[in-house]
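Participant: Below are the chains, spelled out letter by letter.
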Amino acid sequence: MAEAANAIKFKGGEGRIPDNVVYFARVLRKAGMKVGPAAVRDAVEAVQIAGIGSREEFYWVLHSVFVKRREDHEVFDQAFKLFWRTRDLVEKMIAMFSPVAMENKQREKLKAGETRVSQALFEGHEKQRPPEDKPMIDIDARETISGNEVLRQQDFAQMTAFELSEAKNAIAKLTLPFDQVETRRYKPSASARKIDPRATMRAAMRTGGDLILPRFRKRRKVHPPLVIIADISGSMSQYTRIFLHFMHVLSERRRGVHTFLFGTRLTNITRQMRNKDPDEAVDQCTGAVKDWSGGTRIGEALRLFNRQWSRRVLGQGAVVILITDGLERDSIDELDTEMDRLQRSCRRLIWLNPLLRFDGFEARARGVRTMLAHVDEFRPVHNIEAMADLVSALGEKDAAKADPRRYM
Amino acid sequence: MSITKPLPTSIDETLALLSSQDYVANKALATVLFLSLRMKRPLFLEGEAGVGKTEIAKVLSKALDRPLIRLQCYEGLDVSSAVYEWNYPAQMLEIRLAEATGEDDRTAIERSIFSERHLIRRPVLQALEGTGGRAPVFLIDELDRTDEAFEAFLLEILSDYQVTIPELGTIRAQEPPIVIITTNRTREIHDALKRRCLYHWVDYPAADVELEIVRLKVPGCHDELSRQVVAYVQKLRQMDLFKSPGVAETIDWATALTELDRLALDPETVSDTIGTLLKYQDDIARIEGSAGRELLTEVKAELAQAL
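These protein sequences, in sequence, are chains A and B. Take the first sequence: its letters are residues 30 to 437, numbered as in my numbering. Take the second sequence: its letters are residues 29 to 335, numbered as in my numbering.
Don't take each hint at face value.
[Said to hold, decoys possible] Pairwise CB distance ranges (calculated):
{"no.": "1", "chain 1": "A", "residue 1": "235", "chain 2": "B", "residue 2": "159", "range": "33 to 41 Å"}
{"no.": "2", "chain 1": "A", "residue 1": "421", "chain 2": "B", "residue 2": "176", "range": "29 to 37 Å"}
{"no.": "3", "chain 1": "B", "residue 1": "130", "chain 2": "A", "residue 2": "235", "range": "15 to 23 Å"}
{"no.": "4", "chain 1": "B", "residue 1": "332", "chain 2": "A", "residue 2": "434", "range": "53 to 61 Å"}
{"no.": "5", "chain 1": "B", "residue 1": "159", "chain 2": "A", "residue 2": "209", "range": "44 to 52 Å"}
{"no.": "6", "chain 1": "B", "residue 1": "90", "chain 2": "A", "residue 2": "437", "range": "58 to 66 Å"}
{"no.": "7", "chain 1": "A", "residue 1": "432", "chain 2": "B", "residue 2": "176", "range": "27 to 35 Å"}
{"no.": "8", "chain 1": "A", "residue 1": "421", "chain 2": "B", "residue 2": "219", "range": "31 to 39 Å"}
{"no.": "9", "chain 1": "B", "residue 1": "160", "chain 2": "A", "residue 2": "308", "range": "54 to 62 Å"}
{"no.": "10", "chain 1": "A", "residue 1": "308", "chain 2": "B", "residue 2": "231", "range": "36 to 44 Å"}
In case anyone wonders, no lab produced these hints; they're calculated from the structure. Ideal Cβ positions, reconstructed from N, Cα and C, are used throughout, including at glycine.
Make a model of the complete structure from these sequences and hints.
Facilitator: What follows is the structure in structure tokens.
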């Protein structure tokens, strides 16, 4: 309750509150929240309107202005506790901007977001650590599968300008089958199907209403959202780089592309992929993903996807491209249930399997057989050297060959 | 028109306003609601289905005695069904009449055809019609169901409270409406829209709050039964279910049990009425097995201990 008393004490020197809100916003920004100048202005206004009552009220006043996503709640919570806790604000400001190391507080387990927040508060006070050398991994673990979780970092060779232009050309040629959905919006049309009353009226006005000539419209077609879920386990490591680039170019060219990677855990890399520069995007992905070239748990990853993401990204008739070799070590039952649910939640489920060595593919592995029963299209690829191979495998041309029943 | 109930002037007043309509809210919600009323900003509510997001708008319109205008979003919602539409048959008729009377001034014809008489007002336009002290509560429900194009269209309305009709000009609200936006997070709403709003995540309520809600909403419910119902639902939410039951489901369940004249939970009753609580077959299958029985005994043991 001493804190509540402190909060009330601010009332005396009310002139300082706006300054402190600005500092607080800076801390939040450094901790990774999106806090723009408009939000700061709003916060000051909100504090003035609500007045400074209890600490709890003050907390929620700032919360309602600064927090715009549910994920940010934790960061805000920690930042608020750290920032508005000390008895003397000036003292804290001095600590913040002077090179004296903060005293180590006894603390139990760090809560989510706490590290980031204290980094933001006391930036530059940590000793300079030498940059870690990231090892290049050259192990080709193709056709080896395991369910064990191995956490690894991974670096990928950067994309050359030639590769980039090739990739863009290839993707431009990509037409997925069933890749157009009719929306309930209209655009003008020349064919006499549906009358557009608004356009008709407007055109009639041009002649002063003497001549009412019908105008027509038709439904507008758009690409449905696309969700790509790619396996990055050891057995797929050879192709991971090309998949990342594939995802990046697609995210850039189409709207509504969501990208996920999984090995032993599932990572959403949609935000990272939005980065314009392909190398930066891939770099950010390598930072976000912890399980490069480890084991595979397809069923578990799909379960997580179904539970946490399917309802958020599979709306509006999304198409799912699942990139994996289907070599599952864990329970086949779980894989069966989750594949079933995934197929039911999306408009079309396309499985791209890059691990085929020869044309006469037979689905022998149990995981592969289980998954085949639940996909709408099965697209096997022999060898992916360039984006063009990937594109031709996914293209409309081979649609007839993609029926999964051919392989069962 | 008479000036109706004034807006609350403090957070506690907001809390009292909500509870006067039997809406149990916490401090967090009251704060954000108070600020949105005072700062005249839209309130952006996000949360799982059935936690009472839509209810807030209804309660607010009742408590402040203002009309509620609801825009239910769906895929393909467009300007002609959200904002305005022209009455084409009447316009055609108008042209014929002009012809018959020999009117030949083009601008005059145009003005009479595209006049407010022939304008059909849809929810967005209605929401901008509020006058001093009686601006409506404008509920934009389940915004995530519509597409990004409509979201972008809302930006003009939400920041300046005006819409532009090409034939008529810009229509601006005399007094901005109280805007409440809800979403279920079936897709992410763009930052540009969120930036203009005050954001609040509506969470499942804590056990004591939920008990109070059940008591208020299902007055006939036996005291012990309501305790058990709430404890059971709270336990269910901790399980790894595909869809956890919301408050709406708790109320439904309590009502169903009251209608069946139950005074306490037993395994048969639970399995007979579980359909009001869980809506996915996988979840129901899990609870109908031994897990459900264990859950019930746990709940009963805990309640017995508490007494």
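Participant: Are the hints correct? Go through all of them and say.
Facilitator: Each hint tested on the structure:
no. : hint                        : verdict
1   : 235/A <-> 159/B: 33 to 41 Å : holds, 37 Å
2   : 421/A <-> 176/B: 29 to 37 Å : holds, 31 Å
3   : 130/B <-> 235/A: 15 to 23 Å : holds, 20 Å
4   : 332/B <-> 434/A: 53 to 61 Å : holds, 57 Å
5   : 159/B <-> 209/A: 44 to 52 Å : holds, 47 Å
6   : 90/B <-> 437/A: 58 to 66 Å  : holds, 59 Å
7   : 432/A <-> 176/B: 27 to 35 Å : holds, 34 Å
8   : 421/A <-> 219/B: 31 to 39 Å : holds, 37 Å
9   : 160/B <-> 308/A: 54 to 62 Å : holds, 58 Å
10  : 308/A <-> 231/B: 36 to 44 Å : holds, 40 Å
The structure shown violates none of the earlier numbered hints.
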